[in-house]
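Sequence order for the protein chains is A and B.
With the working numbering applied, the first sequence corresponds to residues 1 to 296, in that order.
With the working numbering applied, the second sequence corresponds to residues 297 to 580, in that order.
For the record, the hints were derived by calculation from the structure and aren't laboratory data.
Keep in mind that the hints are not guaranteed to be accurate.
[Stated by the list, open to error] To spell it out: a stretch of chain A is covered by chain B in this simulated footprint if at least three of its residues, at any positions, have a beta carbon under 8 Å from a beta carbon of chain B; those stretches are:
(1) 21-30
(2) 93-100
(3) 178-184
(4) 188-201
[Stated by the list, open to error] Below, computed lysine to any residue pairings styled on SDA-like, alpha-carbon distance capped at 20 Å:
(5) B:Lys516 to A:Trp69
(6) A:Lys208 to A:Ser237
(7) A:Lys212 to B:Lys349
(8) A:Lys212 to B:Ser576
(9) B:Lys516 to A:Cys105
(10) B:Lys493 to A:Asp227
(11) A:Lys212 to B:Arg375
(12) A:Lys146 to B:Glu378
(13) A:Lys29 to A:Val11
(14) A:Lys212 to B:Asn358
(15) A:Lys183 to B:Met499
(16) B:Lys357 to A:Lys248
(17) A:Lys146 to B:Met499
(18) A:Lys234 to B:Glu487
(19) A:Lys146 to B:Glu487
(20) B:Lys373 to A:Asn215
(21) A:Lys146 to B:Arg371
(22) A:Lys183 to B:Glu378
(23) A:Lys146 to B:Met510
(24) B:Lys493 to A:Asp129
(25) A:Lys146 to B:Lys312
(26) A:Lys146 to B:Arg505
(27) A:Lys163 to A:Pro127
(28) A:Lys208 to B:Gln414
(29) A:Lys8 to A:Ile48
(30) A:Lys146 to B:Lys373
(31) A:Lys248 to B:Asp483
(32) B:Lys357 to A:Lys166
(33) A:Lys212 to B:Glu351
(34) A:Lys166 to B:Glu378
(35) A:Lys248 to B:Met484
(36) B:Lys312 to A:Asp136
(37) B:Lys493 to A:Arg225
Glycine included, every Cβ here is placed at the ideal spot set by N, Cα and C.
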Amino acid sequence: MASSDPHKLMVKADKLTKLSLTRWSADWKSATQLYEQAANGFRVAKNIEQAKIAFEKASQGQEMLSSPWDAAKHMESAAALAKELHNWREVADFYRKASELYNECGRSQPASDALAKAARALEDAVPEDAIQLYTDACIMLEEDDKEQMAFDLYRAATNVYIKLEKYADAATFLLRWGLAADKCNATNSQCKAYLSAIIVYLYANDFKQAEKCYNDCSQVDAFLRSDQNRCATKLISAYTEGDVEEIKRVAQSSTISNLDHVIIKLARKLPTGDVSALKKANAVQDEEPLDENDLT
Amino acid sequence: MSVIDILTRVDSICKKYDKYDVEKQRETNVSGDDAFARLYGAVEADIEAALQKAESASNEKNRASVVALNAEIRRTKARLLEEVPKLQRLAIKKVKGLSTEELVARNDLVLALPDRIQAIPDGTAAAPKQSGGWGASASRTEIKFDSDGRFDDEYFQQTEESSQFRQEYEMRKMKQASHISQDQGLDMISEGLDTLKNMAHDMNEEVDRQVPLMDEIDTKVDRATADLKNTNVRLKHTVTQLRSSRNFCIDIVLLCIILGIAAYLYNVPYIHSLSQYSFSGFRL
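Throw the hints in and build the complete structure from the sequences for me.
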């Protein structure tokens, strides 16, 4: 097939859809077919820009024919081509549109998959948008009681947060992961998420937050009874004592080595900051509570 | 599903318009160009949102969601505390059309802000759950249970036998140095077991994840087989209706004979003409 053929198909299809004096209603059925053929022809000829436009129009045609599934599929192809062109805004828009169309079909899994693909494409270029897309994908799955599928998304989003060095946000997201794991009774993932959150707080040198986080998580039964809780206890007590050797030893333990590799890297770099200053501050604080206990 | 779609879309549209409403109100209440007032308004709104979250956190039954909500509240508080110094700087600046009393009032407002922010409950007032007190005692190293430190009774249920084993182990450890290699061996075994345990847990979760998917596949395949069976039966009925199987074979044989005869008849004049042309070709 000569490369002019797809062009001719496009022109023909455009003529079919443009309304004028002689044409009172657009013939979307044949136009869509022509658009699809043109798009495939362009893709084979490696004319990415034209192929993307053709897929867009084909998707629009399928929408007019009220078949959102095909429309969404075409939108995804258009988005994949936009990714090759490094046109990030269009990538995000197309994938979002595809996700909405999938939602129209009532299939939430492909919808969130589309958003996840978008986020993966934008991870390096526009990380904030990527995080937004990951969050939306997780919300979509959670609404449909499919939290199990969201674990990968949570993991990827946390990695992006840590790469951007937004540790507080990363820890909050990990706690959300713990919540999702709790809903589907995935206790191992839940405990790992909580331990990861504590480690992230410690890495960000925010010992108070880490302690608060630890106290909060200890109220969750499943975490209290788990291996990860023992490891967290050891870590926190090593911090309160200011014992750098102990911290390093805990960080090498197998419990931490079972976490996600990004978290393991953070744990191996512990302790950041001045642990002995922490020890002094905590020593002053510890005296007061002991006095109260004596009185009662 | 589409009803849920409609509901969520309506909710988001309402939320969008709500935002515009509140903004308009705030703008009418506050002089438009004042940066301080805008920032203060934004901080106030954030404090309100955090208070609401704190309320919902206190009403939540699910512990894990309480943890997640508290973490979000804490993050918001940290962010707001960062904004307070900015506000202080803006409060000191003189703005035209503002009396000195209002300036002083603004300063007071800004000074009151950190207290308000800290007052937002984020679940830290609640003491950690002390099941048998082993959590707290672990962090107080002045209290030791035995020579190793943090082992407690609730985590490991100790029978007489196991405590006897423990004593034996202690004695052996103190007596013989050669048992160090045994310790190391046991350490390696325990590490391997840890890895195995982790892998087993992950596999468990993975299989749990795939169970509903398998169920879906099951229903879909069942539907497909039922359709196929249906179609097959109908096809059989149709075929037997037209002709019984014996007659069907005769049909096919006769059809083949007719086709053969037709082909022969078609080819004969063609063969004739072919032979004529070849002869003429030879003569030339």
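Tested hints:
no. : hint                 : verdict
1   : 21-30                : violated (count 0)
2   : 93-100               : violated (count 0)
3   : 178-184              : holds (count 6)
4   : 188-201              : holds (count 5)
5   : B:Lys516 to A:Trp69  : holds (18 Å)
6   : A:Lys208 to A:Ser237 : holds (13 Å)
7   : A:Lys212 to B:Lys349 : holds (17 Å)
8   : A:Lys212 to B:Ser576 : violated (107 Å)
9   : B:Lys516 to A:Cys105 : holds (17 Å)
10  : B:Lys493 to A:Asp227 : holds (11 Å)
11  : A:Lys212 to B:Arg375 : holds (17 Å)
12  : A:Lys146 to B:Glu378 : violated (37 Å)
13  : A:Lys29 to A:Val11   : holds (15 Å)
14  : A:Lys212 to B:Asn358 : holds (18 Å)
15  : A:Lys183 to B:Met499 : holds (18 Å)
16  : B:Lys357 to A:Lys248 : violated (37 Å)
17  : A:Lys146 to B:Met499 : holds (18 Å)
18  : A:Lys234 to B:Glu487 : holds (17 Å)
19  : A:Lys146 to B:Glu487 : violated (34 Å)
20  : B:Lys373 to A:Asn215 : holds (18 Å)
21  : A:Lys146 to B:Arg371 : violated (27 Å)
22  : A:Lys183 to B:Glu378 : violated (34 Å)
23  : A:Lys146 to B:Met510 : holds (14 Å)
24  : B:Lys493 to A:Asp129 : violated (37 Å)
25  : A:Lys146 to B:Lys312 : violated (27 Å)
26  : A:Lys146 to B:Arg505 : holds (9 Å)
27  : A:Lys163 to A:Pro127 : holds (9 Å)
28  : A:Lys208 to B:Gln414 : holds (14 Å)
29  : A:Lys8 to A:Ile48    : holds (17 Å)
30  : A:Lys146 to B:Lys373 : violated (31 Å)
31  : A:Lys248 to B:Asp483 : holds (18 Å)
32  : B:Lys357 to A:Lys166 : violated (30 Å)
33  : A:Lys212 to B:Glu351 : holds (18 Å)
34  : A:Lys166 to B:Glu378 : holds (15 Å)
35  : A:Lys248 to B:Met484 : holds (19 Å)
36  : B:Lys312 to A:Asp136 : holds (17 Å)
37  : B:Lys493 to A:Arg225 : holds (15 Å)
The structure does not agree with the numbered hints 1, 2, 8, 12, 16, 19, 21, 22, 24, 25, 30 and 32 stated previously, though it agrees with the rest.
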